[in-house]
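Residue numbers (the numbering used here), protein chains in the order written: chain A, 1 to 112; chain B, 113 to 223.
Among these hints, one or two may not hold up.
[Claimed, not checked] Restricting the straight-line Cα-Cα distance to at most 30 angstroms, the calculated cross-link-like pairs of lysine-lysine (DSS-like) are:
#1 190(B) <-> 71(A)
#2 215(B) <-> 190(B)
#3 161(B) <-> 9(A)
#4 57(A) <-> 190(B)
#5 170(B) <-> 183(B)
Derived from the structure by calculation, the hints contain no laboratory data.
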Amino acid sequence: NAGVTQTPKFRVLKTGQSMTLLCAQDMNHEYMYWYRQDPGMGLRLIHYSVGEGTTAKGEVPDGYNVSRLKKQNFLLGLESAAPSQTSVYFCASSLDIQPPQHFGDGTRLSIL
Amino acid sequence: AQSVSQHNHHVILSEAASLELGCNYSYGGTVNLFWYVQYPGQHLQLLLKYFSGDPLVKGIKGFEAEFIKSKFSFNLRKPSVQWSDTAEYFCAVKGNNRLAFGKGNQVVVIP
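Next up, chain A with everything else stripped away, as it sits in the complex (with noise of 0.2 angstroms):
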């Protein structure tokens, strides 16, 4: 049982440059969630899915968008990165409006 799955774990960018973060859980979660983790900023959440097709603003959606089109993906992208955006990147999953309890791994992202 995987749980929840991100790729990439480490990507460096420039500025101005597009990527998309990937999501992947196996557990047939309605919820899934994007945080970022900013050192003494705890986690911030940026977008957020209460199932497939739909998607919903966070605390700090401002630079990203996300597509739920399959249940078990949940993607992040980033059209122009900006430094700003350097920062670790959780993915999280619940099966009901609880808050997550299954996070991913991480993404570390670095633009320069």
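Since the structure of chain A is provided, determine the placement of chain B on it from the hints.
Using the frame of chain A, we list chain B on its own:
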């Protein structure tokens, strides 16, 4: 929207010492409360949670937390820490269907 405050961001203590991490929140309605732990290089794991009932909640690895409604607090405690408790600890509060995390406490236990 609710907010969560965690004080003493960096805590250093010796093995066998007692640990208490404070968590205060600001939200007047019904809340669910959580503590997560993130060990070095790992993802977050749920340590314990409070929904209702007994305000003293016992979690994994000897941790417990007490919900004091009048103080809007949910402090985490462990009577005797081990080196393996070195980690970052996050308090989270869910209210009005929104979950807010605190900024975390970095705990270092010295052998």
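Evaluation of the provided hints:
With a CA separation close to 39 angstroms, the supplied pair residue 190(B) and residue 71(A) exceeds the 30 angstroms bound. For the suggested pair residue 215(B) and residue 190(B), the alpha carbons sit about 20 angstroms apart, so the restraint of at most 30 angstroms is met. Straight-line distance between C-alpha atoms of residue 161(B) and residue 9(A) comes to about 29 angstroms, which keeps the hinted pair within the 30 angstroms bound. With a CA separation close to 36 angstroms, the supplied pair residue 57(A) and residue 190(B) exceeds the 30 angstroms bound.
Under the criterion of a C-alpha separation no larger than 30 angstroms, the hint pairing residue 170(B) with residue 183(B) is consistent with the structure, at around 20 angstroms.
When each numbered hint is compared with the structure, violations occur for hints 1 and 4.
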